[in-house]
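Chain by chain, the residues run as shown.
Protein chains: 2
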Amino acid sequence: MIVDDHPVVRDGLRGMFDHVADIEVVAEASDGFEALAMARRARPHVVLMDLRMPGLDGVGAIQRLRADHPEIKVVVLTTYDTDADVARAMAAGVAGYLLKDAPREELHRAVRTAAAGGAVLAPSVASALMSRPTAQEPSPRELEVLRLVARGSANKEIARALLISETTVKTHLKHVFAKLGVDSRAAAVVVAMERGLI
Amino acid sequence: MIVDDHPVVRDGLRGMFDHVADIEVVAEASDGFEALAMARRARPHVVLMDLRMPGLDGVGAIQRLRADHPEIKVVVLTTYDTDADVARAMAAGVAGYLLKDAPREELHRAVRTAAAGGAVLAPSVASALMSRPTAQEPSPRELEVLRLVARGSANKEIARALLISETTVKTHLKHVFAKLGVDSRAAAVVVAMERGLI
DNA sequence: ACCGTCATCCTCCGAACGGGTGATGCCGGG
DNA sequence: CCCGGCATCACCCGTTCGGAGGATGACGGT
Chain A
1 MIVDDHPVVR
11 DGLRGMFDHV
21 ADIEVVAEAS
31 DGFEALAMAR
41 RARPHVVLMD
51 LRMPGLDGVG
61 AIQRLRADHP
71 EIKVVVLTTY
81 DTDADVARAM
91 AAGVAGYLLK
101 DAPREELHRA
111 VRTAAAGGAV
121 LAPSVASALM
131 SRPTAQEPSP
141 RELEVLRLVA
151 RGSANKEIAR
161 ALLISETTVK
171 THLKHVFAKL
181 GVDSRAAAVV
191 VAMERGLI
Chain B
1 MIVDDHPVVR
11 DGLRGMFDHV
21 ADIEVVAEAS
31 DGFEALAMAR
41 RARPHVVLMD
51 LRMPGLDGVG
61 AIQRLRADHP
71 EIKVVVLTTY
81 DTDADVARAM
91 AAGVAGYLLK
101 DAPREELHRA
111 VRTAAAGGAV
121 LAPSVASALM
131 SRPTAQEPSP
141 RELEVLRLVA
151 RGSANKEIAR
161 ALLISETTVK
171 THLKHVFAKL
181 GVDSRAAAVV
191 VAMERGLI
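Listed in order, the protein sequences are those of chains A and B.
Take the first sequence: its letter number 145 is residue 145 in UniProt numbering, and every next letter is one higher.
Take the second sequence: its letter number 198 is residue 198 in UniProt numbering, and every next letter is one higher.
What the hints contain is simulated information worked out from the structure, not anything from laboratory work.
We put the beta carbon where it would ideally sit given N, CA and C, even for glycine.
Among these hints, one or two may not hold up.
Facing chain A, from chain B, some residues (calculated, C-beta under 8 Å) [said to hold, decoys possible]:
id, residue
1, Pro7
2, Gly12
3, Leu13
4, Gly15
5, Met16
6, Ala178
7, Val182
8, Arg185
9, Ala186
With the hints as constraints, model all of the structure from the sequences given.
Spelled out as structure tokens, the structure:
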């Protein structure tokens with residue numbers, strides 16, 4: 001099954017599997033909700049899933065999909081390989097993570113490997129997983145503060161918005177700085193954006 | 001002609017025009033340089049061009065393409081509609097700007113319109129163009145300062161790095177804030193990243 | 001029962017930031 | 001020729017940040 005919100009990509013993928021004997025495209029969906037509904041009926045062995053989609057996004061869809069149908073293998077096929085995307089996909093339990101610049105042979109191989117119970121990772125994704133031994137993720141509350149910082153809010157404003165004291169805001173930010181390895185709010189929002197945290 | 005670095009997208013686009021009588025895909029390219037070489041031989045009427053590509057990117061390719069073959073119409077087909085992307089594409093003289101979530105009918109229509117000398121804009125792109133009457137772009141020097149801010153540098157460090165006084169750095173930043181409509185360095189880097197300025 | 005994480009709060013303080021006002025020189029377009 | 005944008009610099013001043021200490025309670029897992 002193919003899940004992607006771009007008609008162009010869906011057509012391209014279907015075409016790539018058109019003349020492949022051992023792979024059949026049994027369904028297509030353009031967002032997460034549609035994917036769940038289609039999977040229930042079509043019962044695919046493997047799902048090729050984009051991550052960034054309107055409505056229910058890829059990670060949410062994967063979580064529900066794997067809860068409903070643990071036997072279905074999910075291979076992520078996306079444009080981005082940011083730490084946050086990769087980490088969330090891995091946590092959701094995917095069988096593969098490929099980038100959209102992959103050639104058709106790699107896609108064929110990935111689907112077969114996944115169907116056989118194996119795992120497939122794009123090279124850049126593999127290295128992204130390696131290069132984060134101490135990847136400290138900010139807590140939900142810390143991210144909330146960070147998002148307001150990204151909007152240009154001062155600590156005092158953030159305190160008012162979140163109904164906490166300014167001291168607490170500063171404490172949260174101190175922890176965020178430590179976890180992101182920076183020492184200023186400007187650098188923090190840049191790192192957070194690059195990692196897809198906000 | 002189709003220009004996109006993703007094989008999946010190229011296949012999808014070719015498939016979309018496969019059974020369309022009045023449109024023929026005469027060439028494909030996976031980056032800007034290849035696009036220039038192919039255009040010279042294939043002489044397409046219309047080029048569907050992605051913007052973000054390895055090597056020579058879309059805007060650079062469009063500029064050279066229009067210099068060499070002014071009669072060729074270029075329609076941008078990309079995932080993003082950031083101000084900077086749209087503005088640069090428009091400045092390069094494109095006949096259309098569509099997003100990759102466009103349905104096939106819209107693509108057909110766009111190619112026909114472009115071939116006939118018309119212009120096609122995705123709705124969100126049109127509104128992006130509208131919503132910037134006073135879109136003040138920071139000057140090169142100001143962007144240089146902003147990039148260092150995004151690295152987390154303090155004004156004093158920026159001054160040392162650029163061999164200017166701290167006062168000058170603050171002046172540049174003051175102007176950047178005014179142009180971006182923000183009042184803090186954190187918000188400035190966010191806006192700059194969203195607009196593709198840094 | 002204990003330890004780590006999260007979330008909340010406090011004080012003190014120097015450095016950094018952002019706003020205001022003003023000035024100089026250069027350049028290019030009207 | 002003059003005006004506006006750019007780049008450079010100065011001084012003042014109030015506010016904000018970020019660092020360095022600490023502290024408390026709640027929760028969840030070992």
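So, going through the hints one by one against the coordinates:
1. Pro7: Pro7/B check passes; min Cβ-Cβ to chain A is 5 Å, inside 8 Å.
2. Gly12: Cβ of Gly12/B sits 3 Å from chain A, so the hint holds.
3. Leu13: holds, 6 Å
4. Gly15: holds, 5 Å
5. Met16: holds, 6 Å
6. Ala178: Violated: closest Cβ of chain A sits about 14 Å from Ala178/B, beyond 8 Å.
7. Val182: Since chain A brings a Cβ to about 5 Å from Val182/B, closer than 8 Å, the hint holds.
8. Arg185: Holds, about 4 Å.
9. Ala186: It holds, given that the least Cβ distance between Ala186/B and chain A is near 4 Å, below 8 Å.
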